[in-house]
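Colleague: Whenever a hint applies, use it, and build me the whole structure from the sequences.
2 protein chains.
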Amino acid sequence: AQKKSLQYANRGMTLEEDLNETNLYYRQIGRAVIHKKPTPVQVVQVDYPKRSAAKITEAYFKQPSTTDFNGVYRGKYIDFEAKETKNKTSFPFGNIHAHQAEHMKNVQEHGGLSFLIIRFSQFEETYLYDASHFLQWYFEQSERKSIPKREIEKAGHFIPTTFRPRLDYLSILDQFYLSM
Amino acid sequence: AQKKSLQYANRGMTLEEDLNETNLYYRQIGRAVIHKKPTPVQVVQVDYPKRSAAKITEAYFKQPSTTDFNGVYRGKYIDFEAKETKNKTSFPFGNIHAHQAEHMKNVQEHGGLSFLIIRFSQFEETYLYDASHFLQWYFEQSERKSIPKREIEKAGHFIPTTFRPRLDYLSILDQFYLSM
Ligand SMILES: [Mg+2]
Ligand SMILES: [Mg+2]
Chain A
262 AQKKSLQYAN RGMTLEEDLN ETNLYYRQIG RAVIHKKPTP VQVVQVDYPK
312 RSAAKITEAY FKQPSTTDFN GVYRGKYIDF EAKETKNKTS FPFGNIHAHQ
362 AEHMKNVQEH GGLSFLIIRF SQFEETYLYD ASHFLQWYFE QSERKSIPKR
412 EIEKAGHFIP TTFRPRLDYL SILDQFYLSM
Chain B
262 AQKKSLQYAN RGMTLEEDLN ETNLYYRQIG RAVIHKKPTP VQVVQVDYPK
312 RSAAKITEAY FKQPSTTDFN GVYRGKYIDF EAKETKNKTS FPFGNIHAHQ
362 AEHMKNVQEH GGLSFLIIRF SQFEETYLYD ASHFLQWYFE QSERKSIPKR
412 EIEKAGHFIP TTFRPRLDYL SILDQFYLSM
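Here the protein sequences line up with chains A and B, keeping their order.
For the first sequence, our numbering assigns the number 262 to the initial residue and increments by one for each residue that follows.
For the second sequence, our numbering assigns the number 262 to the initial residue and increments by one for each residue that follows.
Honestly, the hints are just simulated from the structure, not real lab data.
You may find that some hints are simply not true.
Identical chains blur together in the list; that is why a pair holds if it fits in one copy or across any two.
Listed below are the simulated DSS-like cross-link pairs for lysine-lysine, each with C-alpha atoms no more than 25 Å apart in a straight line [claimed, not checked]:
{"no.": "1", "residue 1": "Lys366", "residue 2": "Lys297"}
{"no.": "2", "residue 1": "Lys323", "residue 2": "Lys297"}
{"no.": "3", "residue 1": "Lys316", "residue 2": "Lys344"}
{"no.": "4", "residue 1": "Lys347", "residue 2": "Lys298"}
{"no.": "5", "residue 1": "Lys344", "residue 2": "Lys298"}
{"no.": "6", "residue 1": "Lys344", "residue 2": "Lys297"}
{"no.": "7", "residue 1": "Lys323", "residue 2": "Lys311"}
{"no.": "8", "residue 1": "Lys415", "residue 2": "Lys349"}
{"no.": "9", "residue 1": "Lys298", "residue 2": "Lys323"}
{"no.": "10", "residue 1": "Lys311", "residue 2": "Lys406"}
{"no.": "11", "residue 1": "Lys311", "residue 2": "Lys298"}
Modeller: Written as structure tokens, this is what we have:
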């Protein structure tokens, strides 16, 4: 896929922050309704102080059973996982859990658009990478547990970092998924 | 809409529990991929004890900006809010926030299916009620802040409580939304 020079430096924002800003912008201009799902938390203990908000005093992070973001665009169900890596030559997928991969597979089977947005932070390069490619590596290359960067450059789509929206991934979908 | 006698008593399960079981069943049989979104929590303080899981020691519940459930069915984006009321004659919509109502409106505008699943717990009656009906009451009847039960019976669709799935709301969508 084509790679353009960065017009706007990323100025230290995380991929998740860039995507939250992008999605907020998309909602503001009425282009799509896509949100980050809340981080799942197992609440164990809650205090109810008088005249103030309930305070959670014991809770634990739970493993998410789905992906980071979902919503609707041009009538289509959109679902994706966002991952950053500091690795320079490959994307390690070891911290994507089997039930998350299963979820991506199921979404595709039900007619949703499922993909990953992967950032190589050392290069400030961000790619949209289809779940079907990812799943092939995930389920068939269980020993390696990573995908070479050159494969993601080739089969994925480079997302330029721009001013507004920060990461215009919907234009990639327009061009490669929804132009039929 | 037609109302059938309950074949299976609800045995004290909350509407959310019934819907979680229903969605789990739908996923198991490969019918749809629909999940409850995690409750949003603002994490303030986290302890990292040696050799054990990170423990959240101060956090607060946040107001959700979207609805309870979303996912994909037959290629369509599905999005709904579930609400129970003990009220016998009307559904009070006061605790649905304006940004949640806006979200429903936006989902419909982008081609998603948006609705509420409303249970009158005193009668163990559950209805699927389209967001467009709800939004009319919500934005036009700001003084009343409730919808008469007879309106929900008439414009909504009764969902029988059954053994498996507990609340087969996708069959309602098949019949009234997706049969064209
Ligand atoms: Mg992520
Ligand atoms: Mg609810």
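Colleague: Honestly, which of those hints from before does the structure not fit?
Modeller: As far as the earlier hints go, 10 and 11 are violated by this structure, in ascending order.
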